[in-house]
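Protein chains: 2
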Amino acid sequence: MTKYLSPQYEDVKPLLAAVDCIIFGVQDNKLKLLIFKREVEPLAGCLSLLGSFVKIEESVEEAAERILFELTGLKDIYMEQLHCYGAVDRDPGGRVIAIAYWSLIRVDQNHLEFNVRTHEAKWISIDRIPELVLDHRQMVEMAISNLREKARFRPIGFELMPEEFTLGQLLKVYEAIFGHPIDDRNFRKKLLNSGLLIPLPKKDKSTSRKGSFLFKFNQETYQKLLLEGYSFGF
Amino acid sequence: MTKYLSPQYEDVKPLLAAVDCIIFGVQDNKLKLLIFKREVEPLAGCLSLLGSFVKIEESVEEAAERILFELTGLKDIYMEQLHCYGAVDRDPGGRVIAIAYWSLIRVDQNHLEFNVRTHEAKWISIDRIPELVLDHRQMVEMAISNLREKARFRPIGFELMPEEFTLGQLLKVYEAIFGHPIDDRNFRKKLLNSGLLIPLPKKDKSTSRKGSFLFKFNQETYQKLLLEGYSFGF
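Those protein sequence lines, which keep their order, are chains A and B.
Taking the numbering used here, the leading residue of the first sequence gets 1, the next gets one more, and so forth.
Taking the numbering used here, the leading residue of the second sequence gets 1001, the next gets one more, and so forth.
One should not assume that every hint holds.
[Claimed, not checked] One side only, chain B facing chain A, incomplete, derived with CB under 10 Å: (1) Glu-1061; (2) Asp-1089; (3) Arg-1152.
Since the hints were made in silico from the structure, they are not lab data.
The beta-carbon is built from N, C-alpha and C at its ideal position, and this holds for glycine as well.
All chains, full assembly: derive it from the sequences and hints.
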């Protein structure tokens, strides 16, 4: 039990806080989600988001970073606080409020696959989400809608791209996020006019002999549009 | 102390959760914020947002509704969860995580003035925010940026309007939210083309002899754009 300094705080009944992480990645042109088997009772063995109680000596954000690091071995992952879930009966194990975070990671990174396997975690396509414990499904749904909202008005899908990429690859990521086809010509036109992309003097020839031009991001425009927002009409 | 059902939860150190409310209103064509004097130690007497601990028998959202009701006497207020603030040392009184909500209320409503006075609360212009306790200033700044973000892509400023209003009044509210002048002609053109407004066969003659046409919202378009978003280019 922590020592509360203020006597006026002493009569308040404490509760537990947990962090749950919705980890998105794009694999095989699909938006996927990392889930794993819950280790603690109640509901041990059921499918779950990755979560942990917030320790008394760490901030809520540090808890989220710790969880992401433990699972993926990665630091400095793109992470957004989603929502605090505070229903009285949301967890049969006790009065626990949960702060959910969503993050985007590139699935193909070094060591990630190894770490994911060690934790027996799995990438699940977001159109085939199985039953999850507690209110985790609700969290996932809100995270998807939050991700889509961000992707409409901010250059967010780019967190999922390698440093150099083709317009076709970027389109596929956006299609995976929104879960429907996007008009190719319109997409290319808007992206090329946005100033977000810098064309590189080389081609990716892995998918066709003619090849596709590679691009990288214009960091300045990227940061500007991150702040100011835009609408590509997706 | 609450009884935790799950033995695996028992070793976790509990903490306190509080809700803080950022209440916005428009008064004298300015975006304002309700603040009041903190009643509990530590820092009693300092200026603060309205907040309260989350009770063990209420959800986090219910706590926010309770606080808003106690202060304003109003129910069904527009309310958005802003963020969970979870730094370890944010409250010198103990380990308290705070879930902040922002809400929009119409300042001119019945009984509101009376309730606000009873609580010795004050409407403060957002460009003259005094020193606030703990991390409340940070909360206010995030809430303002969140409100502006919403107002750019969703029909949100309308929560502040009476049922019938002129375009000039709506413009003033938007200018108050963004804190800068908005081009009048452009604003009228975009709003009239949006399908959001239904012209009424009457005029408001309080500000000029010629009068200004009154409008009300098209609820159907309003709900549609609330879901889909738009960009008016504010």
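Going through the hints against the structure:
no.	hint	result
1	Glu-1061	holds (6 Å)
2	Asp-1089	holds (9 Å)
3	Arg-1152	holds (7 Å)
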